[in-house]
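Q: In order, the protein sequences belong to chains A and B. Here the first sequence stands for residues 1 to 291, numbered as in this note's numbering. Here the second sequence stands for residues 1001 to 1376, numbered as in this note's numbering.
Just so you know, the hints here were simulated from the structure itself, not pulled from any lab data. Heads up, some of the hints might be wrong.
[What the hints assert, rightly or not] Calculated pairs, BS3-like style, for lysine-lysine (alpha carbon to alpha carbon, straight line, at most 30 angstroms):
hint	chain 1	residue 1	chain 2	residue 2
1	A	226	B	1273
2	B	1014	B	1118
3	A	153	B	1276
4	A	143	B	1292
5	B	1165	B	1254
6	B	1276	A	18
7	B	1286	A	187
8	B	1292	A	187
9	A	147	B	1298
10	B	1118	B	1165
11	B	1273	A	255
12	B	1165	B	1298
13	A	18	B	1273
14	B	1286	A	153
15	B	1254	A	147
16	A	18	A	142
17	A	134	A	18
18	A	260	B	1298
19	A	142	B	1292
20	B	1175	A	147
21	B	1298	A	187
22	A	147	B	1286
23	B	1139	B	1276
24	A	272	B	1298
25	B	1276	A	142
26	B	1273	A	142
27	A	147	B	1273
28	B	1139	A	147
29	A	147	A	170
30	B	1175	B	1118
31	B	1276	B	1166
32	B	1139	B	1165
33	B	1286	A	143
34	B	1069	B	1118
35	B	1298	A	143
36	B	1166	B	1139
37	B	1069	B	1254
38	B	1286	A	170
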Amino acid sequence: MFATLALVNEVRWDSQTKTLNPAVRFEVGRRLTTSNNNKISPSTDVTPDCTIQCNSSQGIVAEAKLGLPRNSDHWEGDFEQLLKYDDELAGWWNSGETIYRHDIVALVPIERAVLFTDNLQTFLQSNGYELERKTSVVGFFKKSGVKDFIGLKKEWGSLSDSKLGSELRKTKLIAFDKILVEYRDRKFVDSEPPLVYLLQIIWDNIFTVYAARERTDNPSGSTTFKVTVDQVAEEIRQNYGFPSTGDRSPEIPKKRWVTKALSTLVEFGMAKRIRQDHYEGVLPRYHGRLS
Amino acid sequence: MKRQSTPLFEVTSKEIFSSLDGWQGLVNRFSDLRLDTDEAIYVAVVGSRMPLSQLLITPSLHGVKEIRKTESLSLFSHQLRGEHNKGKAASRQFLVAQTGHPIVSLVLYIGSSDYWRKGVLPLIESLYPKAAFPFLTQKEIQLTLGHLQKSLRPQGIRIVEFSSKKRLPGTARKKFQSVREWTDADLDTVFSEARDENIWFRSIKFDIVDINNTTPISTGVRTVLSKYGYFSCSGRFEFFARTLVRDLVEMSAKKLTFFSDRDRLTNPNHDPKPIKISFDRSIFVKSDQIRKLTEVMKRFRHGTCTVLHSNPYMHVSMVDNIDYSSADIWVLSQEEILVVPQLQASASALKRIVNHIFENFREGEVSDVKEQYTAV
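Modelling step: build the complete structure from the supplied sequences, incorporating the hints.
A: This is the structure we're talking about:
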């Protein structure tokens, strides 16, 4: 998540005005559509991790690969995914949903960036593919110092925005806390998170809101409250994920992830299922002296 | 030297609240107050969004009754139940005064320390999170006492006792040692020694002294200031009312305002409004400090701590199990801790989390995270 948002931040950053360019549009998990001529999946919907539209004629499609398997033989699927994006994709924020050109960026852990690049090139050669769009492999890493930064370094390829390409080649550091504040503490991307992570957010940040609303001046023991899957999912989307902004815009987190999480709470005896999609949550509450 | 006039009509602790004619009138009457040997004047500064006098008349509070009220003063009687008082039921009176800051009230009680500790303080504490005591950092205590000392000139302050916490070396099984120490030293010496010995004060007892040929002579006025914003004094309340009380009220109002309205639910677009705790040097150079802070957060009283990440950076989620406030704590810098209030986050709970860090890890400076999005 941080790597994707760091790239977005870098694209939005205007070094002259020292501000973020509000005209740049971006979305995590936006649904784009491939053309009939797509080398891998013609006329299909694809969902890159991040779609960035720099202006009306230029865009970037980025795919973040946090969990690349150790065995690089298993990376072919990832290379094919990049090839899917090497196409006239529809779904941009322009009338007609097309864009003059877009680049492809693969975001990979810095320690895998060289190997990823080498294997990508071998894959392309051995299969006779040629990338028509400017493609680059950008390594991401965490840098600790006086402050903690997420670092982006272009290891291979080029970008249409040569200035951006040159900056990324030299390595860009973006402060973690700036990303946290500017991007409103987003906690999800377009892939299913570990169940325990979603449970923690529901329990600590969403259920607490419902429980607090139920409070009376004379409470005793725990607080019981009723919730629906839609309600919880929407609350998380609005505050920690991404609500849908239109047909091509995904809902993050997805309803089924939330259903699974609430069912798990029922299994653990920490919630009750009243009827389909309706649950009753219980939070313990402490009463007594603070000191 | 100015002689104090002998009061024509002395009043006792039981009579002082007999007529409520405004704060200043009450303060003036303190010059006629005669305290018994076991009595003192107790004052607490309390922060609350709703007037404290209103919070105290909620039906769920047992044994509290409003006896009289004026525009700015409310007199309450409080029945302390037997289990808190050696099996005997006891009733006392205390006064709540509004201050110039609508979010800060004063609680005034005259009597024994026993009742103050077992009756009044727990009563106010039970109003959490709707009402809460502020906390003073070591620096703020020093500043407050320094200011008081300045106002006293040519008299001065002599520290006679303090209770404190001392950080024990890393090898010790306990993290802190509670210390009560009797001394006879000036303000600057005590604070400078505290810094050297890595201790911080929970309360500090001092005498007001006349300085005669550099030898301090006690005036008989003894005061105890707590880091939780309350104090007791054995006299000269008129002086304390225009100095110490005023400073504590200002400080509390500033603090409560700082911690208020940081919950995401009531912010436009539900944007987070993080707080930064800065230290004057690089604390998190070594990972053992992150580990130490993580352990501290796990000990947050009446709360839940979920560790999401503890190496190389720290990210924990805190929930206050009393009012369901939550906040994420991040360490993303060697010199800072970031507190990110979540959807539900009361000022009292945020203050309690920050105070927990200050008391159990180390004190820093709190500030608002400036929204400067500079990519380096």
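Q: Taking the hints in turn, state whether each one holds.
A: The hints, checked one at a time:
| no. | hint | in the structure |
| --- | --- | --- |
| 1 | A:226 / B:1273 | holds, 28 angstroms |
| 2 | B:1014 / B:1118 | holds, 19 angstroms |
| 3 | A:153 / B:1276 | holds, 29 angstroms |
| 4 | A:143 / B:1292 | holds, 22 angstroms |
| 5 | B:1165 / B:1254 | holds, 26 angstroms |
| 6 | B:1276 / A:18 | holds, 23 angstroms |
| 7 | B:1286 / A:187 | holds, 27 angstroms |
| 8 | B:1292 / A:187 | holds, 25 angstroms |
| 9 | A:147 / B:1298 | holds, 24 angstroms |
| 10 | B:1118 / B:1165 | holds, 22 angstroms |
| 11 | B:1273 / A:255 | holds, 28 angstroms |
| 12 | B:1165 / B:1298 | holds, 19 angstroms |
| 13 | A:18 / B:1273 | holds, 22 angstroms |
| 14 | B:1286 / A:153 | holds, 26 angstroms |
| 15 | B:1254 / A:147 | holds, 29 angstroms |
| 16 | A:18 / A:142 | holds, 23 angstroms |
| 17 | A:134 / A:18 | holds, 27 angstroms |
| 18 | A:260 / B:1298 | holds, 28 angstroms |
| 19 | A:142 / B:1292 | holds, 22 angstroms |
| 20 | B:1175 / A:147 | holds, 27 angstroms |
| 21 | B:1298 / A:187 | holds, 22 angstroms |
| 22 | A:147 / B:1286 | holds, 13 angstroms |
| 23 | B:1139 / B:1276 | holds, 17 angstroms |
| 24 | A:272 / B:1298 | holds, 28 angstroms |
| 25 | B:1276 / A:142 | holds, 21 angstroms |
| 26 | B:1273 / A:142 | holds, 24 angstroms |
| 27 | A:147 / B:1273 | holds, 19 angstroms |
| 28 | B:1139 / A:147 | holds, 25 angstroms |
| 29 | A:147 / A:170 | holds, 19 angstroms |
| 30 | B:1175 / B:1118 | holds, 28 angstroms |
| 31 | B:1276 / B:1166 | holds, 25 angstroms |
| 32 | B:1139 / B:1165 | holds, 15 angstroms |
| 33 | B:1286 / A:143 | holds, 15 angstroms |
| 34 | B:1069 / B:1118 | holds, 25 angstroms |
| 35 | B:1298 / A:143 | holds, 27 angstroms |
| 36 | B:1166 / B:1139 | holds, 16 angstroms |
| 37 | B:1069 / B:1254 | holds, 27 angstroms |
| 38 | B:1286 / A:170 | holds, 28 angstroms |
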